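S.K.: Here the protein sequences come in this chain order: A and W. Heads up: the first sequence is residues 1 to 149, going by the working numbering. Heads up: the second sequence is residues 1001 to 1784, going by the working numbering.
Don't read these hints as lab results, they were simulated from the structure. Watch out, some of these pointers could steer you wrong.
Unchecked claim - Mimicking DSBU-like on lysine-lysine, the simulated pairs with C-alpha atoms at most 30 Å apart in a straight line are:
no. : chain 1 : residue 1 : chain 2 : residue 2
1   : W       : K1184     : A       : K104
2   : W       : K1267     : W       : K1297
3   : A       : K82       : W       : K1051
4   : W       : K1051     : A       : K45
5   : A       : K71       : W       : K1353
6   : A       : K82       : W       : K1081
7   : W       : K1297     : A       : K104
8   : A       : K82       : W       : K1297
Fair warning: this is a prediction, and the values are worked out from it, not measured in the lab.
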Amino acid sequence: MVETVKIIRFHAEKCRGHYDCEKACSQVQFGDDTGGDHSAIRIVKSNGGFSMVNCDQCGLCIDVCPVQALKRLPSGVVTVNKELCIGCMSCVAFCPVDGMRRAKGMVYPHKCISCGACVRACPEGALELVEVPISEVERVVYYHQGVCD
Amino acid sequence: MSEECLNHAETARTIGRGNGPFITGNTERTHDIDRLRSGHKVLAEYTFERKPVKRGYAGRILYVNLTDLEIREIPLTSDVKEKFTGGKGFGLKMTWDLMGPDTRWNDPENILALNSGPLNGTTQYSGMGKCLSTTVSPSTNIICDSNAGGYFAPYLKFSGFDSLILQGKAREDILVFIDGTAGKVTIETAPYEETNSHLLSEQLTYMYAAEDSESARQKVAVVSAGKGSENSYWGILNISFYDPRRRVTRMKQHGRGGLGTVFRDKKLKALVARIEGFNGMTNDPQDIDRITETGIKHNREIRDLDMHENNMRTVGTGNLVEIMDAYDLLPTENYRFGSFPKASRIYSTRFYKRFTQGIPDGCWYGCNIACSKAVDGFVLRTGPYKGERVTVDGPEYETIGGGANMSVWDVDWILEFNFYCDTYGLDTISTATAIAFYMEMYEYGILNKERCDGLELCFGNAEAVLEFLHRIASGDRSEFIQVASKGVRRMKDHLIAKGWGDPDLIENCGMEVKGLEYSEYVCKESLAQQGGYALASKGPQHDEAWLIFMDMVNNQIPTFKDKAEALHYFPIWRTWFAIVGLCKLPWNDIVPADNASTDEPAKIPEHVRNYAEIMSGILGREITPQDLMDQSERVYNWQRAMNVWMGKGRRKDDIPPYRSMGPVTEMEYLSRKDRYDNQLKELVGISPEELSSMSVADRIRVLREHRYEEYNKLVDAVYYRRGWTPNGVPSPKKMRELGFSDEKEMLEMLQKAIDDDDAAGLNVWGGSYGEGDEIPCDDPRYWE
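Could you build the full structure based on these sequences and the hints that come with them?
M.R.: Put into structure tokens, the structure is as follows:
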């Protein structure tokens, strides 16, 4: 039974918009440092500061995937198995926080695997890898939508 | 209600906690695959070169002749691609090329074609896995076309073929195996497998999976029929899609008009396609970003809006039941009424509780409309599988509507009916519509227990309905079963020939046009839908023109001209899905939030643009929404021309029975007396005094004359708008405009038909036009 999962926590007040986290992430995901759509974590300008868009490991995508390519590992982290994935991007469309991402030209999606590369790359300490109980993040909503008797 | 049925959980069952399989609670079955396989003898084998799909097309058609065991490839020419696009367009073209006009459903020459289409097999947009099939129908003696999801069409294409053409008749039960992993097609005997689909598709999925894994079973697609298909004109084809969460070989059905009947007549037990693997690039789109971004945008609409619009993801098309009931459109007691006090017992809320929720129920990968709902662990109460727990695929709206039509107001009996129709390979629509007709005849004493060979077919007798199905499937030879299993048209002839009732009443009540039974909508008050049904190429099916909502619920097409325009645009637009290999539901069962404020909300312009985007992205050249219409209009007219060729493409073949147009009986009239009385006053111009002196029979007669007159005027306007003669024949001029200048044989055939009609004085308007009436066209020879 998976009980905890590591997620990335963002401290907005510390972020200065270096985007080093995105570059580090795209190294992990694509082996380059372009950041942007090659990164699973995204930093966006908002209200004069910055906010983070990233997977919170809620696992909604697991139930949307038609080929069971998305799984929650024993570590609690949700991952894409590219051997099984058929590139329908349903997970990208259905993710409520835009944490499942697709890069231009790519057949498969990518997402945060809580590896902590972004945390290590941030010079301001704006990112933190924290372990939380699964029950705090897990969401299952694809039933009971709008129907009442 | 029996003991067992009370066992069903009354609350929704859901999954959704990650990795494990869902426990269906079904009866576990083991199949001795080695023994089954030992009966297989390879009768013919063909090796083909494995080639990738290029920009949506495999570029080859697979031809299999079951009589002389010939297997060969037919190259797809650019001319055929350009003129017929794909899907049923290819099926119709191959049928025209390889078959004569007098071919009947059970002649060896009859062609059964299963087709994909250039957009088919795409995973990035919802609803892209439909199989489009055509054959000569036993019910209508013209081409019937039907479509279903499941994995077969995409796997056929990924194996290397855009279409599969089956001709001839085998001598013993066989299957055709298309092995995309090895580049091989075999015809094999299959003596030991079950015939009924829920077992057969499971056996073959396990037998042909490359290994014992969920993933391998997902790469196998099985097409099968059943014992009901063998013994009726309502045969359908089930297409499998292995559900890895339920670990059940599930099925989608197609076959209005008798595809399965032809399939079993050819001694086909199954078709199997197997592939190595695929992803969003297997269809070789030129611009993956273009199609993926369009798909994500559309899937987000589904995510955000479905729960506020149609609830397709939780109850499927069953969401329509309560709407149809509210608008007096839900067929009850053989279309006599459009609503019923007990109808709430079969509203989608009742089925919601039975459907297992939380499983991505798309019948093709990436479809998030996901309307293929299923009830798991359902305990069967009758028949050969009595006592077993099974997964029931569906029911969809049409099946529930069929229940209403038979006055069966019970979720469990509708599920039982659905399950047995599917596994026996019976079309739930034709079966229910026909039974509803037999029940009405039973009520009038035209049929009775003796004439029904012991069946008490009164409205609401679900046990008799199931008994009827079991007797069909068992090959019962009694006279009633033999006639009844051939459908409404044959039963009408039988009842009239026996002299058991008023021929006029029998003709008016039996809901068929061209020999095909109606699907499940009451269209008495919708002139546009009357036309939508009776003018449909294959017979009265809603997939060609589902205008009832537009006409009755939204009142978007009030005038003749509006209706004629709708009957031009929508059948052509809806046909487009059948030539590219798609499902229509993602087009109009979810609409953008701002759709109502667009110029033409009924067309859902944003979604039409989506399809042009996707087609451009796949083919690698710019396609506009108008191009989509042009592609489709060619095929639409070609099919009508083939109806003419086969002897059924004239006005006389497009006339509906009066039950679909108005009240046949006094009871129906009186049940909606205010409505009809008002219409006589307001539309026919009868004064209140005159009306009060008229008997109900007179009122029915006058209303009927008025409605047929309106109908004929509508047909005039539609034929004219479509470029057809006043007798319904596509003119050679129109066909040339569409690009068929080189199809000399087709043009000559049409010209001869028009000349024959001229000689018989049939090229005249059907409506009578007085002074001040607008006729569709001033030129009496407009088609020349």
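S.K.: Can you name, in rising order, the numbers of the hints this structure does not satisfy?
M.R.: 1, 2, 4 and 6
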